[in-house]
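Participant: With chain A held as given, fit chain B onto it using these hints.
Chain residues, written in single-letter form:
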Amino acid sequence: MAKTDVELAVPVRRDPWITRDKVVHLLQTKGLLIAFALFLVAFSLASDRFASVDNISTVLRQVAIVGTIAVGVTIVVIGGNLDLSVGSLLSFSTVLVVDLHDKIGPGPAILIMFAAALAVGCVNGLLVGFARLNSLIVTLGMLSAIQGLTLIYSGGQNVDIADQEGTWFAFFGRDFLLGVAVPTWIFLGLAVILHVVLTRTTFGRKVFAVGGNPTAAAFSGVRRARVVFSTYLISAFCTACAAVILGSRVMGSQNNVGQGYELVVLAGVILGGTSLLGGSGSIPKTVVGVLILGFIQNGLLLLGYPYYAQWLVTWVVIILAVWLDVASKRGRLFTTTS
Amino acid sequence: MKRALITSLVGSVALVGAAAAQEPIRIGITQNNVGVDSYQTTYEKAFIEAAEADPQVEAVVLDAGGDVARQIGQMQDLIQQGVDAIIIWPTNGQAVVPVVRQAHQAGIPVVVTNSQIAEAGFDFIASFSGPDNITQGRYAAEMMCDALDDAGRVVQIAGQPGYTTAIERQKGFEDALAEQCPDVEIVETQPGDWNREKAQRVMENFLTKYDDIDGVYSGDDNMGVGALNAAKAAGRDDLVFIGATNFAVGYEAMGRGEYWGSVYQSPVEDARNALATAKAVVMGEEVPFLNYFDTPKITQDNMGEFDKPVF
Numbered sequence: 048m049a050k051t052d053v054e055l056a057v058p059v060r061r062d063p064w065i066t067r068d069k070v071v072h073l074l075q076t077k078g079l080l081i082a083f084a085l086f087l088v089a090f091s092l093a094s095d096r097f098a099s100v101d102n103i104s105t106v107l108r109q110v111a112i113v114g115t116i117a118v119g120v121t122i123v124v125i126g127g128n129l130d131l132s133v134g135s136l137l138s139f140s141t142v143l144v145v146d147l148h149d150k151i152g153p154g155p156a157i158l159i160m161f162a163a164a165l166a167v168g169c170v171n172g173l174l175v176g177f178a179r180l181n182s183l184i185v186t187l188g189m190l191s192a193i194q195g196l197t198l199i200y201s202g203g204q205n206v207d208i209a210d211q212e213g214t215w216f217a218f219f220g221r222d223f224l225l226g227v228a229v230p231t232w233i234f235l236g237l238a239v240i241l242h243v244v245l246t247r248t249t250f251g252r253k254v255f256a257v258g259g260n261p262t263a264a265a266f267s268g269v270r271r272a273r274v275v276f277s278t279y280l281i282s283a284f285c286t287a288c289a290a291v292i293l294g295s296r297v298m299g300s301q302n303n304v305g306q307g308y309e310l311v312v313l314a315g316v317i318l319g320g321t322s323l324l325g326g327s328g329s330i331p332k333t334v335v336g337v338l339i340l341g342f343i344q345n346g347l348l349l350l351g352y353p354y355y356a357q358w359l360v361t362w363v364v365i366i367l368a369v370w371l372d373v374a375s376k377r378g379r380l381f382t383t384t385s
Numbered sequence: 037m038k039r040a041l042i043t044s045l046v047g048s049v050a051l052v053g054a055a056a057a058q059e060p061i062r063i064g065i066t067q068n069n070v071g072v073d074s075y076q077t078t079y080e081k082a083f084i085e086a087a088e089a090d091p092q093v094e095a096v097v098l099d100a101g102g103d104v105a106r107q108i109g110q111m112q113d114l115i116q117q118g119v120d121a122i123i124i125w126p127t128n129g130q131a132v133v134p135v136v137r138q139a140h141q142a143g144i145p146v147v148v149t150n151s152q153i154a155e156a157g158f159d160f161i162a163s164f165s166g167p168d169n170i171t172q173g174r175y176a177a178e179m180m181c182d183a184l185d186d187a188g189r190v191v192q193i194a195g196q197p198g199y200t201t202a203i204e205r206q207k208g209f210e211d212a213l214a215e216q217c218p219d220v221e222i223v224e225t226q227p228g229d230w231n232r233e234k235a236q237r238v239m240e241n242f243l244t245k246y247d248d249i250d251g252v253y254s255g256d257d258n259m260g261v262g263a264l265n266a267a268k269a270a271g272r273d274d275l276v277f278i279g280a281t282n283f284a285v286g287y288e289a290m291g292r293g294e295y296w297g298s299v300y301q302s303p304v305e306d307a308r309n310a311l312a313t314a315k316a317v318v319m320g321e322e323v324p325f326l327n328y329f330d331t332p333k334i335t336q337d338n339m340g341e342f343d344k345p346v347f
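Residue numbers (our numbering), protein chains in the order written: chain A, 48 to 385; chain B, 37 to 347.
Chain A extracted, bound-state conformation (with noise of 0.2 Å):
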């Protein structure tokens, strides 16, 4: 129906092949694909190791951290709010499990610690949803009262595990199954599950409704509110599990290592094209987002540029994508009426 729409806006062009309409509607549908493409094409005529099996592996697995919690912020997204504690919640979720581990064993630890993560996601859950507090207030509260909360939980000191090798902790970081890195099959593992439960499930189309239309979705008896609650509650169980990943990775925890997660989690979610707004997205658009993110910032580095490099050039890049999908959405530039 938006194809129509061009159409007629847009006069048709002599040129047989290449024709304005084909071009945006090619950008409209494959254009973050197509910016991919492009990238890794570039990177590996500049770097030889670019495109090895070796980087390709390393680079899945760089990225399976943010990734693992991207997927979740993408639900929350889509049902029209924002988290940003998960950078915080990502810290304390990790000094929790690499502090228990020594103290009660890797087991427990992560029960634990999942159960807190769930905890803290109710919160968020209940303040968003049942409270109908704004989310970006709620969150931003969230991502210092978190910190701080971990800050007074180990009172500023590092936690290590102190037997590195003989603990099966080490399996969700380290290991490998059939070639693969462990850490890229949860967030790949994550990312299709909850794919499958955003598009064939009742409670996935709920999401979208709550998201896009909230006045429609509660006069066709969409909860709004037990809807915004689970979707926290999914976001808290993914920064868990990232933060199983990089506890077992790193083997121990700084206070605020997940510092920033925030940001560039929402830059992969951004760049995926999940819209700010709520009410459309897909988490396989935002599993491409994260990994261009990994790929720019890998490539990057292989060529020798500087760390501020990276994040010139990876916001540049977020910019201009949200821009091109704006653009190709009303069919110029610049929007007329200015």
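Careful, some of the hints might be misleading.
[Claimed, not checked] Calculated lysine to any residue pairs in the SDA-like style (CA-CA distance at most 20 Å, straight line):
no., chain 1, residue 1, chain 2, residue 2
1, A, Lys-332, A, Leu-235
2, B, Lys-234, A, Val-360
3, B, Lys-333, B, Ala-284
4, B, Lys-245, A, Leu-87
5, B, Lys-234, A, Trp-215
6, B, Lys-234, A, Gly-307
7, B, Lys-81, B, Val-304
8, B, Lys-268, A, Phe-223
9, B, Lys-268, A, Val-100
10, B, Lys-245, B, Val-223
11, B, Lys-234, A, His-72
12, B, Lys-344, B, Glu-305
13, A, Lys-69, A, Val-373
14, B, Lys-234, A, Ile-103
15, B, Lys-268, A, Gln-211
16, B, Lys-333, B, Thr-171
17, B, Lys-333, B, Tyr-287
18, B, Lys-234, A, Tyr-352
19, B, Lys-234, A, Gln-211
20, B, Lys-268, A, Ile-103
21, B, Lys-245, A, Leu-350
22, B, Lys-234, A, Gln-357
23, B, Lys-268, A, Trp-215
24, B, Lys-344, B, Gly-291
25, B, Lys-81, B, Glu-59
26, B, Lys-234, A, Leu-107
27, A, Lys-332, A, Ser-375
28, B, Lys-245, A, Lys-332
29, A, Lys-332, A, Asp-372
30, B, Lys-81, B, Pro-91
31, B, Lys-81, B, Glu-305
32, B, Lys-81, A, Gly-195
33, B, Lys-245, A, Ile-343
34, B, Lys-234, A, Ser-104
35, B, Lys-344, A, Asp-149
[Stated by the list, open to error] A few chain A positions that, by computed beta-carbon distances, are all more than 12 Å from chain B:
no., residue
36, Leu-85
37, Val-110
38, Leu-158
39, Ala-209
What the hints contain is simulated information worked out from the structure, not anything from laboratory work.
Yeah, the Cβ is synthetic: ideal placement off N, Cα and C, and Gly gets one too.
Facilitator: Here is chain B on its own, set in the frame of chain A:
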């Protein structure tokens, strides 16, 4: 007559002594961000212990929580309280200069601890107490030369960009390496932001990019152990790891023979040195402008002489 003079002299000395005992030296400290890392947490604990152990000193211990505005407020409070000296661990070396100047104008000597303030403030401070990070970088370079027999290729994982400590250690390392063993080449430097996981990622990328690296210098052991994690995962056990600010994890890795050496920087020494410097300034003693405390090399060979770091 002579006897009387001596008696009165002794009497007046005793009087001064008594006055000192009655009126303790009040020293205020505003710290950067206690609780954010183990080093600062241990520092505060050691500072309070040292102040309590000294009957002549009464300490007012404050923490800015990493917030420049709060630190400026705390400085103004301390000036209002009329303490005898202020110790500041700058949250930002540039932004605190005006308030340090205010203290100076109020006649209160200021001692900067751990991280130096901007040069514009040098006229307003009595002394800087802390580690000599240039020397630490040089020590690391000397150990690297030793470990590699003066030839090889190394990568560097630096601290947070913009941090004085990170910049100085990097400069000390690079200058000394070029001077002492020019055949050891730094093939690349990337920041690891004092973050172990970030350093691990950077090292993974280095290992993908270069087949022939012989050594790794990290701006602190926390990052060094992250790099070591990456090398072990990739099966590269032939690399030499040199760090700085010896952490417990670095000490343990050294004990296992996986980590070559580091620089021992004790937050306890750092805190005691700051208190002693401030006290000496108040007592009118001669104090060097840059009052460094000792940060020796620690290697697998001499690590028995050092306690395992508490952080």
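Participant: Each hint: holds or not?
Facilitator: Evaluation of the provided hints:
1. A hinted pair counts as satisfied when its Cα atoms are at most 20 Å apart, and Lys-332 of chain A with Leu-235 of chain A qualifies at roughly 12 Å.
2. Between Lys-234 of chain B and Val-360 of chain A the alpha-carbon distance is near 18 Å, which keeps this suggested pair within the 20 Å criterion.
3. Simply put, Lys-333 of chain B and Ala-284 of chain B have alpha-carbon atoms about 15 Å apart, close enough for the 20 Å limit, and the pair holds.
4. Distance check on the hinted pair: Lys-245 of chain B and Leu-87 of chain A sit about 16 Å apart at the alpha-carbon level, within 20 Å; holds.
5. This hinted pair does not check out: Lys-234 of chain B and Trp-215 of chain A have alpha carbons roughly 23 Å apart, beyond 20 Å.
6. Of the supplied pair hints, the one linking Lys-234 of chain B and Gly-307 of chain A holds, its CA atoms being roughly 12 Å apart against a limit of 20 Å.
7. Proximity of Lys-81 of chain B to Val-304 of chain B is assessed by CA-CA distance (about 8 Å); at most 20 Å being required, the pair is judged to hold.
8. Distance hint between Lys-268 of chain B and Phe-223 of chain A is fulfilled; the C-alpha atoms sit about 14 Å from each other, no more than 20 Å.
9. Among the hinted pairs, Lys-268 of chain B with Val-100 of chain A is consistent with the structure: their alpha-carbon atoms are about 19 Å apart, no more than 20 Å.
10. The suggested pairing of Lys-245 of chain B with Val-223 of chain B holds, with an alpha-carbon distance near 11 Å, which does not exceed 20 Å.
11. The straight-line distance between the Cα atoms of Lys-234 of chain B and His-72 of chain A is roughly 39 Å, outside the 20 Å bound, and the hint therefore fails.
12. Restraint check for Lys-344 of chain B and Glu-305 of chain B: the C-alpha separation of about 14 Å stays at or below 20 Å, so the hint holds.
13. A hinted pair counts as satisfied when its Cα atoms are at most 20 Å apart, and Lys-69 of chain A with Val-373 of chain A qualifies at roughly 16 Å.
14. Taking the CA atoms of Lys-234 of chain B and Ile-103 of chain A, the gap is about 18 Å. The hint holds against a cut of 20 Å.
15. Proximity of Lys-268 of chain B to Gln-211 of chain A is assessed by CA-CA distance (about 12 Å); at most 20 Å being required, the pair is judged to hold.
16. For the given pair, Lys-333 of chain B sits about 10 Å from Thr-171 of chain B by alpha-carbon distance, which is consistent with the 20 Å threshold.
17. For the hint linking Lys-333 of chain B to Tyr-287 of chain B, the alpha-carbon distance of about 12 Å falls within 20 Å, and the restraint holds.
18. Between Lys-234 of chain B and Tyr-352 of chain A the CA atoms are separated by roughly 16 Å; this keeps the pair inside 20 Å, and the hint holds.
19. Between the alpha carbons of Lys-234 of chain B and Gln-211 of chain A the distance comes to roughly 19 Å, so the proposed pair stays at or under 20 Å and holds.
20. Between Lys-268 of chain B and Ile-103 of chain A the CA atoms are separated by roughly 19 Å; this keeps the pair inside 20 Å, and the hint holds.
21. Distance check on the hinted pair: Lys-245 of chain B and Leu-350 of chain A sit about 9 Å apart at the alpha-carbon level, within 20 Å; holds.
22. Restraint check for Lys-234 of chain B and Gln-357 of chain A: satisfied, since their Cα atoms lie roughly 14 Å apart, inside the 20 Å limit.
23. Proposed proximity of Lys-268 of chain B and Trp-215 of chain A is supported: the alpha carbons are some 17 Å apart, at most 20 Å.
24. At most 20 Å may separate the alpha-carbon atoms for a hinted pair to count; Lys-344 of chain B and Gly-291 of chain B meet this at roughly 10 Å.
25. Among the hinted pairs, Lys-81 of chain B with Glu-59 of chain B is inconsistent with the structure: their alpha-carbon atoms are about 24 Å apart, more than 20 Å.
26. Between Lys-234 of chain B and Leu-107 of chain A the alpha-carbon distance is near 15 Å, which keeps this suggested pair within the 20 Å criterion.
27. With a CA separation close to 17 Å, the supplied pair Lys-332 of chain A and Ser-375 of chain A stays within the 20 Å bound.
28. In summary, the hint linking Lys-245 of chain B to Lys-332 of chain A is not supported, as the alpha carbons are separated by about 29 Å, beyond the 20 Å threshold.
29. Among the hinted pairs, Lys-332 of chain A with Asp-372 of chain A is consistent with the structure: their alpha-carbon atoms are about 13 Å apart, no more than 20 Å.
30. Proximity of Lys-81 of chain B to Pro-91 of chain B is assessed by CA-CA distance (about 17 Å); at most 20 Å being required, the pair is judged to hold.
31. For the suggested pair Lys-81 of chain B and Glu-305 of chain B, the alpha carbons sit about 12 Å apart, so the restraint of at most 20 Å is met.
32. This hinted pair checks out: Lys-81 of chain B and Gly-195 of chain A have alpha carbons roughly 19 Å apart, not beyond 20 Å.
33. Distance check on the hinted pair: Lys-245 of chain B and Ile-343 of chain A sit about 15 Å apart at the alpha-carbon level, within 20 Å; holds.
34. This hinted pair checks out: Lys-234 of chain B and Ser-104 of chain A have alpha carbons roughly 17 Å apart, not beyond 20 Å.
35. Pair hint Lys-344 of chain B plus Asp-149 of chain A holds up; C-alpha atoms about 19 Å apart against a cutoff of 20 Å.
36. For Leu-85 of chain A, the non-interface assignment is confirmed: its Cβ lies about 21 Å from the closest Cβ of chain B, beyond the 12 Å cut-off.
37. With a cut of 12 Å on Cβ distances, Val-110 of chain A falls inside the contact zone with chain B, its closest approach being about 10 Å.
38. In this structure Leu-158 of chain A is separated from chain B by more than 12 Å, as the shortest Cβ-Cβ distance comes to about 23 Å.
39. Residue-level check failed: Ala-209 of chain A sits 8 Å from the nearest beta carbon of chain B, not beyond 12 Å.
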